[in-house]
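Next come the chains, spelled out residue by residue.
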Amino acid sequence: DAKTTQPPSMDCAEGRAANLPCNHSTISGNEYVYWYRQIHSQGPQYIIHGLKNNETNEMASLIITEDRKSSTLILPHATLRDTAVYYCIVSDMNSGGYQKVTFGIGTKLQVIP
Amino acid sequence: GAGVSQSPSNKVTEKGKDVELRCDPISGHTALYWYRQRLGQGLEFLIYFQGNSAPDKSGLPSDRFSAERTGESVSTLTIQRTQQEDSAVYLCASSYSPAGRPGEQFFGPGTRLTVL
Chain A
26 DAKTTQPPSM DCAEGRAANL PCNHSTISGN EYVYWYRQIH SQGPQYIIHG
76 LKNNETNEMA SLIITEDRKS STLILPHATL RDTAVYYCIV SDMNSGGYQK
126 VTFGIGTKLQ VIP
Chain B
13 GAGVSQSPSN KVTEKGKDVE LRCDPISGHT ALYWYRQRLG QGLEFLIYFQ
63 GNSAPDKSGL PSDRFSAERT GESVSTLTIQ RTQQEDSAVY LCASSYSPAG
113 RPGEQFFGPG TRLTVL
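If you read the protein sequences in the order shown, they are chains A and B. Going by this note's numbering, the first sequence opens with residue 26, and the numbers climb by one from there. Going by this note's numbering, the second sequence opens with residue 13, and the numbers climb by one from there.
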């Protein structure tokens with residue numbers, strides 16, 4: 026798997042957009058970008074993923090640069106419940122048809138009232 | 013429907029004892045993963061099961077660790093002769109991967125293991 030780098034922590038004011046960056050400069054053509062988050066004392070939760078195009082769902086938007094070397098997760102209106110560790114990972118399907126991934130330490134997002 | 017469940021939620025054991033951790037994946041999910049998360053750290057991949065294929069055990073840290081899965085259902089992670097460094101949260105995840113693209117993983121709440 027390609028490695029990713031994320032800032033260790035970020036703050037965001039409640040109600041404002043949270044923009045979480047991720048660098049994945051060694052990503053290969055068949056690797057997807059996935060985002061998960063982990064709220065304190067819970068298991069990680071899937072947020073969104075993409076390959077080349079920008080993606081949006083009910084939770085967030087994912088912006089992937091044209092060269093695919095970086096991406097940004099956008100939470101459009103952060104709430105206190107969005108305080109969590111956010112993990113950016115890249116993954117493809119190996120010959121066995123699954124993704125073996127490494128979750129780094131992620132970005133700890135603190136939403137401030 | 014029910015999500016991934018794990019039991020026990022907490023386990024305290026003495027050094028040298030064996031422990032068994034259980035994971036019930038989402039019904040119909042063919043893939044099952046085990047991870048370890050030490051305090052303040054990211055998730056460390058341990059082992060992966062996919063249907064009836066041979067599991068990928070490449071992440072198991074030592075031969076004290078083993079895991080089994082019956083078909084596409086329950087999985088058990090066993091740690092023999094536990095050591096203090098085994099203290100961590102053990103997370104299980106399952107996924108269903110449509111042909112041609114990776115599937116998102118659904119995580120259980122984890123088992124917090126404390127080795128005294």
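Quick caveat, the hints were computed from the structure, so don't treat them as lab data. Treat the hints loosely; a few may be bogus.
[Stated by the list, open to error] In silico contact screen, one side only, chain B against chain A (beta carbon under 7 angstroms); selected entries: (1) G40; (2) G83; (3) F119; (4) G120.
[To be verified] Here are the simulated DSS-like cross-link-like pairs (lysine-lysine), alpha carbons at most 30 angstroms apart as the crow flies: (5) A:K77 <-> A:K28; (6) B:K27 <-> B:K69; (7) B:K29 <-> A:K133; (8) B:K27 <-> A:K28; (9) A:K94 <-> A:K77.
Note that CB positions come from ideal geometry on N, CA and C, so glycine has one too.
Cross-check of the supplied hints:
Here the hint on B:G40 is broken, as its CB sits about 15 angstroms from the closest CB of chain A, past 7 angstroms. Because the closest C-beta pair between B:G83 and chain A is about 16 angstroms apart, greater than 7 angstroms, the hint is violated. This hint holds: B:F119 has a C-beta 3 angstroms from the nearest C-beta of chain A, less than the 7 angstroms allowed. For B:G120, the interface hint holds, the least distance from its beta-carbon to any beta-carbon of chain A being 5 angstroms, beneath 7 angstroms.
Between the alpha carbons of A:K77 and A:K28 the distance comes to roughly 17 angstroms, so the proposed pair stays at or under 30 angstroms and holds. At roughly 24 angstroms between alpha-carbon atoms, B:K27 and B:K69 fall within 30 angstroms of each other, so this suggested pair holds. This hinted pair does not check out: B:K29 and A:K133 have alpha carbons roughly 35 angstroms apart, beyond 30 angstroms. The suggested pairing of B:K27 with A:K28 is violated, with an alpha-carbon distance near 35 angstroms, which exceeds 30 angstroms.
A threshold of 30 angstroms between alpha carbons decides the hint, and for A:K94 with A:K77 the separation of about 11 angstroms falls inside it, so the pair holds.
Violation of the numbered hints given earlier is confined to hints 1, 2, 7, 8; the remaining hints are satisfied by the structure.
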